[in-house]
Structures are given as structure tokens and as C-alpha cells.
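Undergrad: Listed here are the chains, written in short residue letters.
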Amino acid sequence: MSKVTAEKMTEDLLRPLLKTSWHFYVLVVILGGIVSLGVGAFAYQVNQGIGVWGLNWPVFWAFDITNFVFWIGISHAGTLISAILRLVNAGWRRPVTRCAEVITAFALMIGASFPIVHLGRPWLFFWLAPYPTEREIWPNFRSPLVWDFFAISTYLTGSVLFLYLPTIPDFALVRDKTTGWRHTVYGALALGWSGTTKQWHRLETAMQIMAIAIIPVAVSVHTIVSFDFSMAPVPMWHSTIFGPYFVAGAIFSGIAALIIAMAALRKFLGLELYLHPVHFENLAKLLLMMSLLWGYFVFNERLTTWYGNGPSEIGVFWATQRGPYAPLFWTMVICNFVLPLCILSFKKLRTITGCVIASIGVVIGMWLERFLIIVPALSHKFLPYAYGNYRPRAPEILLLIATFGAMGLLYTLFSKFVPIISIWELKVGEQPELTEPRETRDEAATLWRTHP
Amino acid sequence: MTCMYGLYDHPAAAQRVYTQLKRAGLKDGDITVISAEPFEAFGFSHRDHSLILFRLALLGGILGFLTGVGLTVGTERAWPLVTGGMPIVAWWPNLIVIFEMTMLGAILTTVVSLLVTGKLPSRKRSLYDVAVSDGKILVGVPVTGDAEAIRKALDFEAAAIKSAEFG
Numbered sequence: 000m001s002k003v004t005a006e007k008m009t010e011d012l013l014r015p016l017l018k019t020s021w022h023f024y025v026l027v028v029i030l031g032g033i034v035s036l037g038v039g040a041f042a043y044q045v046n047q048g049i050g051v052w053g054l055n056w057p058v059f060w061a062f063d064i065t066n067f068v069f070w071i072g073i074s075h076a077g078t079l080i081s082a083i084l085r086l087v088n089a090g091w092r093r094p095v096t097r098c099a100e101v102i103t104a105f106a107l108m109i110g111a112s113f114p115i116v117h118l119g120r121p122w123l124f125f126w127l128a129p130y131p132t133e134r135e136i137w138p139n140f141r142s143p144l145v146w147d148f149f150a151i152s153t154y155l156t157g158s159v160l161f162l163y164l165p166t167i168p169d170f171a172l173v174r175d176k177t178t179g180w181r182h183t184v185y186g187a188l189a190l191g192w193s194g195t196t197k198q199w200h201r202l203e204t205a206m207q208i209m210a211i212a213i214i215p216v217a218v219s220v221h222t223i224v225s226f227d228f229s230m231a232p233v234p235m236w237h238s239t240i241f242g243p244y245f246v247a248g249a250i251f252s253g254i255a256a257l258i259i260a261m262a263a264l265r266k267f268l269g270l271e272l273y274l275h276p277v278h279f280e281n282l283a284k285l286l287l288m289m290s291l292l293w294g295y296f297v298f299n300e301r302l303t304t305w306y307g308n309g310p311s312e313i314g315v316f317w318a319t320q321r322g323p324y325a326p327l328f329w330t331m332v333i334c335n336f337v338l339p340l341c342i343l344s345f346k347k348l349r350t351i352t353g354c355v356i357a358s359i360g361v362v363i364g365m366w367l368e369r370f371l372i373i374v375p376a377l378s379h380k381f382l383p384y385a386y387g388n389y390r391p392r393a394p395e396i397l398l399l400i401a402t403f404g405a406m407g408l409l410y411t412l413f414s415k416f417v418p419i420i421s422i423w424e425l426k427v428g429e430q431p432e433l434t435e436p437r438e439t440r441d442e443a444a445t446l447w448r449t450h451p
Numbered sequence: 000m001t002c003m004y005g006l007y008d009h010p011a012a013a014q015r016v017y018t019q020l021k022r023a024g025l026k027d028g029d030i031t032v033i034s035a036e037p038f039e040a041f042g043f044s045h046r047d048h049s050l051i052l053f054r055l056a057l058l059g060g061i062l063g064f065l066t067g068v069g070l071t072v073g074t075e076r077a078w079p080l081v082t083g084g085m086p087i088v089a090w091w092p093n094l095i096v097i098f099e100m101t102m103l104g105a106i107l108t109t110v111v112s113l114l115v116t117g118k119l120p121s122r123k124r125s126l127y128d129v130a131v132s133d134g135k136i137l138v139g140v141p142v143t144g145d146a147e148a149i150r151k152a153l154d155f156e157a158a159a160i161k162s163a164e165f166g
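Keeping their order, the protein sequence lines are chains A and B. Under numbering that gives the first Met the number 0, the first sequence has 433 at position 434, and the numbering climbs by one with no breaks. Under numbering that gives the first Met the number 0, the second sequence has 66 at position 67, and the numbering climbs by one with no breaks.
Possibly wrong hints are sitting among the right ones.
Residues from chain A that keep clear of chain B, each with C-beta distances beyond 10 Å, as calculated [as the list claims (entries may be wrong)]: (1) 9; (2) 19; (3) 37; (4) 38; (5) 91; (6) 108; (7) 118; (8) 141; (9) 157; (10) 190; (11) 194; (12) 385; (13) 411; (14) 417.
Under the rule of at most 30 Å between Cα atoms (straight-line distance), these lysine-lysine pairs were calculated in the DSSO-like manner [to be verified]: (15) B:161 x A:7; (16) B:26 x A:415; (17) B:118 x A:346; (18) A:266 x A:18; (19) B:161 x A:197.
Just some of the chain B residues that point at chain A, by a computed CB distance under 8 Å [unchecked claim]: (20) 33; (21) 37; (22) 80; (23) 109.
Read the hints as simulated data drawn from the structure, not as lab findings. These numbers come from a predicted model, not from an experiment. All C-beta atoms, glycine included, are put in the ideal place defined by N, C-alpha and C.
Based on the sequences and whatever the hints tell you, model everything.
TA: What follows is the structure, given as C-alpha cells:
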């Protein structure tokens, strides 16, 4: 890699950290305002009780659990995709991985907060944690909600570490390029990293192990989230397909979120030199594949229910196909299947704009999918006396909007304080085919044997 | 400890100096190579290869597994709750928690091993030069023997040679 390119790379990627434009403050104020609305809605709910939501018998899970499943799904954008790309050593992953890993960390935090919000009395959330108390109540390990606790905490811990470890060399770079408080803070975050060959080797090995470990954890997380439903004897929930169906949907929505985030970063941070159209095209191909897979799963699920014609299940089926939930169902099909297929199948339309339009559609469609899994099933249980309706109220809607604001705010703040593209990994990707002269290599090998 | 080091623009130059230092009789452990990015194509990068992290991760996984078994089975036996017709020690659901604990054990052990073997966090002032962040490759050795021979080897690629106190 030429010297100028390396310097330019460092300068471009550190610019957001060292210079702050007024756009940043405006964005933070707007996103902060949206988050405040959500905080206000939550405070109102805590003060008044969970009755301020639209929940009523028989629908006791709605927006909050939809948000939980949706954001846990979005979290599959990052660590899972990054780990797979690392393991297969895909060269084009380098500018993408950190953008993706950040989504995982924040989406998990947002998603995991919803079961606590849903408790109604969130200050008692620690009762879920496994610790011995005078109440002599420990978690019942046969409850899927406890599985959630273990799966999400493992995934969150792993994802945060997976994000942090490769950031250490970049923190060291920022430490060396700054003075004052920045030097102190980034120095602390860099943990005294110097970049010895041993440190590099250990870091790369650790990342390899983490990638191997995190893939099954990521798959388990959304499978376990699906168990929250499939372990319950509720029509259209008690299904063996839910595990892979949820995992596929999670990766699908995750890729869409990643494309949107990358397009925003490219535009607002001027990263055109690093986030190329080819990165979007590759992700768009993955998105298209996942759209087809999602369509396959939906077809499977629907056909089995329709053909089985079980009295309780068919009620839920028709409620979504041509009943009160049909507009949402068909919007979901258009967003998740028709739109990506129409845009991403054609090379001409697979532009950055095209990818973003398809991805926005998928994010909307996947939220609707989560909603349509939860609410119609609960509102059409086995006997007609247990039929009911659900209408969201303002606090729930505000909380939903606030989650998107929170994601935007956290992402904006992160990209302000941490290089959003891994600088050292990018430099490694730009290294030309570096080879030693044969005689030097041979001599080094001889010396290694004689003077180890 | 006084260290002498050179800063080089290209990894090939660093490799040649590294070879010269070994010719001068220095051992691998005495030579420090520091860079802002890994250079896997060069011999100096390969000397620290080891499987220790994989082995420790496996050990961590086993510890996590045992913790998972202990936590689930121990809890179920201590507070025997009958749930949905399942046995008190219900292995199918327990496997989920045990799996997560196994992976958590492997992940945490990997991170701790990285920090310990990479000597992080380090507050000790070790051999370093901020020019590394500008893309230079540092090759340095502690001056314990023939300083002139070290200087000559470091000077092989006509780099700026510096001496400093570290440690």
C-alpha cells in the first residue's frame, strides 16, 4: 500500500472523531428528542401502570414483545455476518464488519430492554437473575424466558467483546494521533497496545476463536426467542419450523439494517472511498437470497396450516389472509418479498439507492412479520369466547418510534467517538502481494532452526 | 533497560534487518518488531504462532459446560419444582442453558487469554515509538552485548537508529 493511501485512510477515518460539524449536534438533538418521547412514554407507563397500553384479555403480548423479537432479529446483522465473513476470509468484509458489529451491540441492548419494560414493574427485573435469596426462588430452567436470559446475555457479552477486541489497535492509533483528554481516554481504551508481532498474532487468533464461537450462539439466540412462542400451545405458534424461520428472518432484517446504516455512514461521513457500491451489491445479493428463503419459510408455514385445516389454526390463518390483519399481512409480503425481488433481481436497480429502498421495505416488513406472529394468534385462541382485539395506544407507539431514535442516536454517538471502519483491517486489505525475496526467506528459515 | 531500535518504511526492509540481527547472534526473543498492522507474509510475523489460545478456549468451554451442569442440576435438585409433567432434572431444557454457559466460558477464556498472553493492559513503558502509527515498522533490541554490531545490523536498511530507556 502506498504511503499516501495509508495516510489518507487514517486521516479520512479519524476525521469524524477529531472534527465535529454542526450537523452532528443537530442530529443528536433530533434523535435525543425522539428518545426523550419514548422515555416520557415509559415514565407515564411506570407511573400509571401497564393499563395505559392497549393490552387486554386475551392479547397480553403485543408491541413490546414485537419490539423485543424485532430488535433481537436486527442484532443478527452484525456479529453473525461479520463472523461468517471473517471465517471465510471474504476480502470485501473489511469496511463492513465494524459497522455491522455495532448494530448487534445496540440492537441487543434495545431488544433486551423490552422484556423488562414489559414486566410492568421493571424495578423487579432482577428477580429473573439466577441468584440465591431468602425467597428461595431460583429461575426455573424449564421456562423459555430463562433460556432467553442466558442466550441474550451470552450473545451480548460475546458481541460487545467481538466489537471491542479489533478496536483496540484503532484506539492505539487514535491515542498516538491525539493530545489532552482524548489521548488519556483513548490510551485507556487501547490498554497499552503497542502492536508487537505477538499481540497481533494473539488478537487474530482470538478473533478467529470468537468468530467460531459466536456463530452457534447467534443461531441459538433467535432459535431460543422462537421457543418463547413455539413452546406454547397457541394456534400457529406450536410449530417445529419456528427455529430456522426466526433465524432466517433475523438475518434477513439484519442485513437490511446494515445496508441502511452503511448508506447513511457513507453519505454523512463522506466514506465513499471505503464503502464502495460493490459492498452494497454483495449485501444486496445476500438480502435477495434471504428474501427468497423467507418466502420459502412463509410458504411452508402457511401451506401446512391451510392443508391441515385444524379448526383453531385455520381461524388465525384466515384472520391474517383476508380478515382484520390482512392489510398488514399483504403489506408484509410486498415489503419482504415482492419489493426486494423486483429491485434486487436486476443489476441495473441494484444501486445504493435501490438497495436502501429495498432494505427500508424489509425492515418495515419484518417488524410487521413479528407483530403478525404474535397478535393474531393471541386474539384467535381455541374457542370463540377467547377471541379478542388489540389496538395500540400512544405510549406503545411512542416507545416503538423511540427505539429507532435510540438506535440512530447510539450509532451516531459511536461513529463520533470510535472509527466506524476498522482502520488496521482496511490497511491489511490494501497490502499488495508482499513477498520476501526467496534468499531472505530461506535464510530466515535456517536461522530460525539454528537460533530459535 | 536501554533499547536500540530502527524505524523502517517497508516490511521487507524490517525483515532484512531482522535477519541481520539474527546473523549477529541475537535470539528471537530479544528482537521486538512493532507495526500498526500485521504483516502475515513476513517471517518476523510467524515466530509467535502458537495454539495456546485454542487450547485455553477449549478449557474455558469445558469449565463453562461444568458450570452449566452444576447450575441447572444443582438448582433443580435444591428447589424441586414440578413443571408441566417434566422430570425434576429435565435434560432437554437444561441443554440450552448448558450450551450457552459452554460458549460463554470459551468466549471469556479467549478474551482473558488474549489479555494475559498479549500483556494487556500494560502500564509499563515498553519499547514503542509513535511513528509506528504513521506506518513505520519498528525493529528493536535491548542493548546488552555488542552495541556496535546491533547498530550495524539495524543500520542495514539505512534507517534512523534511536536509543531509549524502557521498562
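Undergrad: If a hint holds in the structure, say so; if it doesn't, say that too.
TA: Quick rundown of the hints versus the structure:
In this structure residue 9 of chain A is not separated from chain B by more than 10 Å, as the shortest Cβ-Cβ distance comes to only about 8 Å. Every Cβ of chain B is farther than 10 Å from the Cβ of residue 19 of chain A; the closest lies at roughly 22 Å, confirming the non-interface assignment. Against chain B, the non-interface label of residue 37 of chain A holds: every CB pair exceeds 10 Å, the least being about 30 Å. Non-interface call for residue 38 of chain A relative to chain B: holds, since the shortest CB-CB distance, roughly 31 Å, exceeds 10 Å.
Taking the minimum C-beta to C-beta distance to chain B, about 18 Å, the non-interface status of residue 91 of chain A holds against the 10 Å cut. For residue 108 of chain A, the condition that its CB be more than 10 Å from all CB atoms of chain B holds, with the nearest at approximately 18 Å. Every CB of chain B lies more than 10 Å from the CB of residue 118 of chain A, the least distance being 21 Å, so the non-interface label holds. Residue-level check failed: residue 141 of chain A sits 5 Å from the nearest beta carbon of chain B, not beyond 10 Å.
Look at residue 157 of chain A: its CB is around 5 Å from the nearest CB on chain B, not clear of 10 Å, so calling it non-interface is violated. Not every beta carbon of chain B lies more than 10 Å from that of residue 190 of chain A, the smallest distance being close to 4 Å; the non-interface claim is violated. Residue 194 of chain A, annotated as away from the interface, has a beta carbon of chain B within 10 Å; the closest lies near 5 Å. Here residue 385 of chain A stays apart from chain B, with its beta-carbon at least about 20 Å from theirs, past the 10 Å limit.
At roughly 26 Å from the closest C-beta of chain B, the C-beta of residue 411 of chain A stays outside 10 Å, upholding its exclusion from the interface. Listed as outside the interface, residue 417 of chain A is consistent with that label: its C-beta sits roughly 16 Å from the nearest C-beta of chain B, beyond the 10 Å cut-off. A C-alpha spacing of about 27 Å is found between residue 161 of chain B and residue 7 of chain A, which places the hinted pair at or below 30 Å, so the restraint holds. For a cut-off of 30 Å, the pair hint linking residue 26 of chain B to residue 415 of chain A is broken: about 44 Å separates their Cα positions.
At roughly 49 Å between alpha-carbon atoms, residue 118 of chain B and residue 346 of chain A are farther apart than 30 Å, so this suggested pair is violated. Between residue 266 of chain A and residue 18 of chain A the CA atoms are separated by roughly 17 Å; this keeps the pair inside 30 Å, and the hint holds. Note on residue 161 of chain B and residue 197 of chain A: the hinted pairing holds, with a Cα-Cα distance of about 22 Å set against a maximum of 30 Å. Taking 8 Å as the C-beta cut-off, the interface hint given for residue 33 of chain B holds, the closest approach to chain A being about 5 Å.
Because the beta carbon of residue 37 of chain B sits about 4 Å from the nearest beta carbon in chain A, less than 8 Å, this interface hint is met. Hint on residue 80 of chain B holds. Least Cβ distance to chain A is approximately 6 Å, under the 8 Å limit. Hint status for residue 109 of chain B: holds, given a least beta-carbon distance of 5 Å to chain A, under 8 Å.
Hint compliance for this structure: hints 1, 8, 9, 10, 11, 16, 17 are broken, all remaining hints hold.
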